[in-house]
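In case you want the letters, here they are:
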Amino acid sequence: MALPEKQPVDKKFIDPAAVKQSISKRLVVNRFTKSIFLMGLLFGLVVLAVLITGVLRDGIGYLSLDFLQNFPSRRPERAGIYPALMGSIWLMVMIIPMIFLIGVGSAIYLEEYAKKGRMTSFIEVNISNLAGVPSIVFGLLGLTFFVRNMSLGSTLISGALTLGLMSLPVVIVSSQEAIRAVPQAMRHASLALGASKWQTTYKVVLPASLPGIITGIILSVSRAIGETAPLIMVGAAIFIARAPSGFFSEFTALPIQIYNWTSRPQEEFQYLASAGIIVLMVILIAMNSVAIWIRNKYSKRY
Amino acid sequence: MDTKVTQLDKQETLATNGNDRPSVYKVNDLNLWYGDDHALKDINLDIKKNEVTAIIGPSGCGKSTFIKTLNRMVELVPSVRTNGEILYHDRNIFDKDYQVEELRTSVGMVFQQPNPFPKSIYDNIAYGPRVHGVTSKKVLDEIIERSLRGAAIWDEVKDRLNENAYGLSGGQQQRLCIARTLAIEPDVILMDEPTSALDPISTLKVEELVQELKTDYSIIIVTHNMQQAARVSDKTAFFLNGEVVEYDQTDRIFSNPSDKRTEDYISGRFG
Numbered sequence: 000m001a002l003p004e005k006q007p008v009d010k011k012f013i014d015p016a017a018v019k020q021s022i023s024k025r026l027v028v029n030r031f032t033k034s035i036f037l038m039g040l041l042f043g044l045v046v047l048a049v050l051i052t053g054v055l056r057d058g059i060g061y062l063s064l065d066f067l068q069n070f071p072s073r074r075p076e077r078a079g080i081y082p083a084l085m086g087s088i089w090l091m092v093m094i095i096p097m098i099f100l101i102g103v104g105s106a107i108y109l110e111e112y113a114k115k116g117r118m119t120s121f122i123e124v125n126i127s128n129l130a131g132v133p134s135i136v137f138g139l140l141g142l143t144f145f146v147r148n149m150s151l152g153s154t155l156i157s158g159a160l161t162l163g164l165m166s167l168p169v170v171i172v173s174s175q176e177a178i179r180a181v182p183q184a185m186r187h188a189s190l191a192l193g194a195s196k197w198q199t200t201y202k203v204v205l206p207a208s209l210p211g212i213i214t215g216i217i218l219s220v221s222r223a224i225g226e227t228a229p230l231i232m233v234g235a236a237i238f239i240a241r242a243p244s245g246f247f248s249e250f251t252a253l254p255i256q257i258y259n260w261t262s263r264p265q266e267e268f269q270y271l272a273s274a275g276i277i278v279l280m281v282i283l284i285a286m287n288s289v290a291i292w293i294r295n296k297y298s299k300r301y
Numbered sequence: 000m001d002t003k004v005t006q007l008d009k010q011e012t013l014a015t016n017g018n019d020r021p022s023v024y025k026v027n028d029l030n031l032w033y034g035d036d037h038a039l040k041d042i043n044l045d046i047k048k049n050e051v052t053a054i055i056g057p058s059g060c061g062k063s064t065f066i067k068t069l070n071r072m073v074e075l076v077p078s079v080r081t082n083g084e085i086l087y088h089d090r091n092i093f094d095k096d097y098q099v100e101e102l103r104t105s106v107g108m109v110f111q112q113p114n115p116f117p118k119s120i121y122d123n124i125a126y127g128p129r130v131h132g133v134t135s136k137k138v139l140d141e142i143i144e145r146s147l148r149g150a151a152i153w154d155e156v157k158d159r160l161n162e163n164a165y166g167l168s169g170g171q172q173q174r175l176c177i178a179r180t181l182a183i184e185p186d187v188i189l190m191d192e193p194t195s196a197l198d199p200i201s202t203l204k205v206e207e208l209v210q211e212l213k214t215d216y217s218i219i220i221v222t223h224n225m226q227q228a229a230r231v232s233d234k235t236a237f238f239l240n241g242e243v244v245e246y247d248q249t250d251r252i253f254s255n256p257s258d259k260r261t262e263d264y265i266s267g268r269f270g
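Protein chains in written order, with numbering that gives the first Met the number 0: chain A, 0 to 301; chain B, 0 to 270.
Note that these hints are calculated values from the structure, not bench results.
One should not assume that every hint holds.
Quick list of simulated restraints, FRET-style, between CB atoms [as the list claims (entries may be wrong)]:
#: 1; chain 1: B; residue 1: Tyr33; chain 2: A; residue 2: Val45; range: 38 to 48 Å
#: 2; chain 1: B; residue 1: Ile200; chain 2: A; residue 2: Tyr201; range: 33 to 43 Å
#: 3; chain 1: A; residue 1: Asp14; chain 2: B; residue 2: Arg159; range: 15 to 25 Å
#: 4; chain 1: A; residue 1: Ala130; chain 2: B; residue 2: Thr214; range: 51 to 61 Å
#: 5; chain 1: A; residue 1: Ala48; chain 2: B; residue 2: Asp140; range: 56 to 66 Å
Built from N, CA and C at the ideal position, the CB exists for glycine as well.
Please build the complete structure, drawing on both the sequences and the hints.
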């Protein structure tokens, strides 16, 4: 087949002189937008740096092994954070398996098993909406449902269930995204070898999406650990002289202890609060580092 | 048990050597819709054992859809509807009690894009056998060597079985995928444009492989490349707009087609 003859171009739509003129103008706009974005970033970083240095300056002197091992006290020099620290650790240990099983299970069902249709997308939209519900509302739910209706009382289990429920939407959505990011070709390869849907999910989809899933879980757990409002609603103790000993113990948590100290009139308690914040931040940074480490270690390229 | 039967069948076919080979697939009045789109229209084909059957046709003619129907992978598309029947060894694969997992264990598939798992070469091949319950390391080692030799890639990878399959070249990955299919000891191998993502040398290797494999397997290969169909296949089906225009011995199709449209297509007048 012969190619049609090329038409001569008699008119140009792009004028080189005008282009040359506009380039310098466009580059000015480019530099301007770039500096705005940089300023945005710097603003965030500077505020964060000021906050952190403030907390460190106030609190670092009060940090000691005693501070971690002592119980709260009316005398600031003897006050410690032990019950709150243990309470937070207990909460974490209880929340993680709960949201892993329920959250990842729901995400697998929605992505791999559920028929795509109106019902499924209705459920998905509502899960995303739940992620935006203020934490105090989850606290109210926990108070009515777990503390009163199920008669669990103001105990660790009520607190963990409430915080877990609060974290679930984020875990489900982020797990769904991680699962969706696994290429279809991987599923097809497995199914075409005669593997069942569960074998495909368990052996191919989950290993490939695990870094994303775990990152989502750790990030939402670290958010839950920093929450105060739902725990106050559920009735975590403001002052407690015992570390929790089981699911049904009374408890307090780091943010509540910090809140408690900041509301005291004596100046020393403000410094104790700063020390508490440092402990909380160390826990959160450690967890986020674990998330990053897991993501880098297990990420596989496609 | 099954393998013995297959071997007996094979001896029979070798003895008769030709046209009255037993059928693996009998497709009767198959229709398929994607939503309202009628993608396959009244397909009737009889696919023989230990032959290479090529399916050719222009883009969008339904050849990939057809081959994916043979192992029911097409059902992964949510809006698919089918009617008619496909008899695989005289059993309708659309029967309610026919489990797709069983079907796909005897009908392996190689895809257009090489799709190894992001695992080691060893684990890629071992995946299928492990899914079907093989756990013994000794047995697995044997399967892996046999499958890789079967796919003519053993010499290239035998010293790096524990390396990630993603480190292989595209052509090696595709032969690895063929080896992975051989590892489940299938009876039929479906190949959906297996060389369209490969360079000419890798293509040649895969074509040679297809020729070797046909003594043990029945192969159905979709291809865009008519020379490839002419080189590797015994029978060729020409698809156009969801219909089978012509299905015959490959040399007949390419030398003396009975339908004008087939002639136009293979002589490059369209498509």
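Results for each hint:
1. B:Tyr33 <-> A:Val45: 38 to 48 Å: Violated - the Cβ-Cβ distance for Tyr33 of chain B and Val45 of chain A, about 56 Å, lies outside 38 to 48 Å.
2. B:Ile200 <-> A:Tyr201: 33 to 43 Å: 38 Å, holds
3. A:Asp14 <-> B:Arg159: 15 to 25 Å: With Cβ atoms ~58 Å apart, the hint is violated.
4. A:Ala130 <-> B:Thr214: 51 to 61 Å: Taking Cβ atoms as reference, Ala130 of chain A and Thr214 of chain B lie about 58 Å apart, which means the hint holds.
5. A:Ala48 <-> B:Asp140: 56 to 66 Å: Cβ of Ala48 of chain A to Cβ of Asp140 of chain B: about 58 Å, so the range 56 to 66 Å holds.
Of the numbered hints stated above, those contradicted by the structure are hints 1, 3, listed in ascending order.
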